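**Student:** Just so you know, the sequences run in chain order A and B. Under the numbering used here, the first residue of the first sequence is numbered -7, with each subsequent residue one higher. Under the numbering used here, the first residue of the second sequence is numbered 25, with each subsequent residue one higher.
Hints listed in this document are in silico derivations from the structure and should not be mistaken for laboratory results. All of these numbers come straight from a predicted model, not from anything done at the bench. Be careful, since some hints might not be right.
Taking beta-carbon pairs under 8 Å as the criterion, some of the chain B residues facing chain A (in silico) [to be verified]: (1) Lys66; (2) Gly67; (3) Phe96; (4) Ser107; (5) Leu111; (6) Asn122; (7) Lys123; (8) Leu124; (9) Phe126; (10) Gly129.
Every beta carbon over 12 Å from chain B, so not counted as near; a handful from chain A, in silico [as the list claims (entries may be wrong)]: (11) Thr6; (12) Gly8; (13) Gly20.
Yeah, the Cβ is synthetic: ideal placement off N, Cα and C, and Gly gets one too.
Here's the letter readout for the chains.
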Amino acid sequence: KAGVTQTPRYLIKTRGQQVTLSCSPISGHRSVSWYQQTPGQGLQFLFEYFSETQRNKGNFPGRFSGRQFSNSRSEMNVSTLELGDSALYLCASSPQRGARASTDTQYFGPGTRLTVL
Amino acid sequence: EDQVTQSPEALRLQEGESSSLNCSYTVSGLRGLFWYRQDPGKGPEFLFTLYSAGEEKEKERLKATLTKKESFLHITAPKPEDSATYLCAVHPIKAAGNKLTFGGGTRVLVKP
């Protein structure tokens, strides 16, 4: 089974621009979560989508948003980029067979390395 | 607030020198605790899930254990290919959805 894929793998943007990152989950997985990883803050939860609905959101400003499509693929968008948004953005998918959250293993993709100049 | 603390931050081992990594957590209730391995520039790779105190799981040279307040990842006779950052994460009972809270990780370097 193919793993989680993320595109693009690398991005360079300038302050004020916006960016869209894409994530394709493992086939059959219905939950997609996004995390930001930086050397100073480590891995921090951004949001989770299940059945095209945002189920949970971390403590990030409204500039960070996302969505999920009917095929479970997900995108996240960051508007008005700031220097501090430079990070590795990771997507993780899990089966989540029902609407009620369960402790399924989350499998991570390779990440998108975003650099903001 | 849910907290996860990993220690030490970094660990240098000689090949064959066994050691343990610690993950201390504070949550009101635990659904599960996860261990991941992360190589530079890559996404975390799943290792183990532990659900209840007293549970142990093994995979090759790695063994994870869980108590009510902490988890340990034991590395037995490590090899250079075990060099990586090891991440611990908790899934609290009260967390809506699938949110994981991660520790800061332990960077392990195994020298031949």
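**Student:** Work down the list of hints and note, for each, if the structure agrees.
**Tutor:** Quick rundown of the hints versus the structure:
no., hint, verdict
1, Lys66, "holds (6 Å)"
2, Gly67, "holds (4 Å)"
3, Phe96, "violated (20 Å)"
4, Ser107, "violated (18 Å)"
5, Leu111, "holds (7 Å)"
6, Asn122, "holds (5 Å)"
7, Lys123, "holds (5 Å)"
8, Leu124, "holds (7 Å)"
9, Phe126, "holds (4 Å)"
10, Gly129, "holds (7 Å)"
11, Thr6, "holds (23 Å)"
12, Gly8, "holds (27 Å)"
13, Gly20, "holds (15 Å)"
Going down the numbered hints, you'll see the structure goes against 3, 4, while the others check out.
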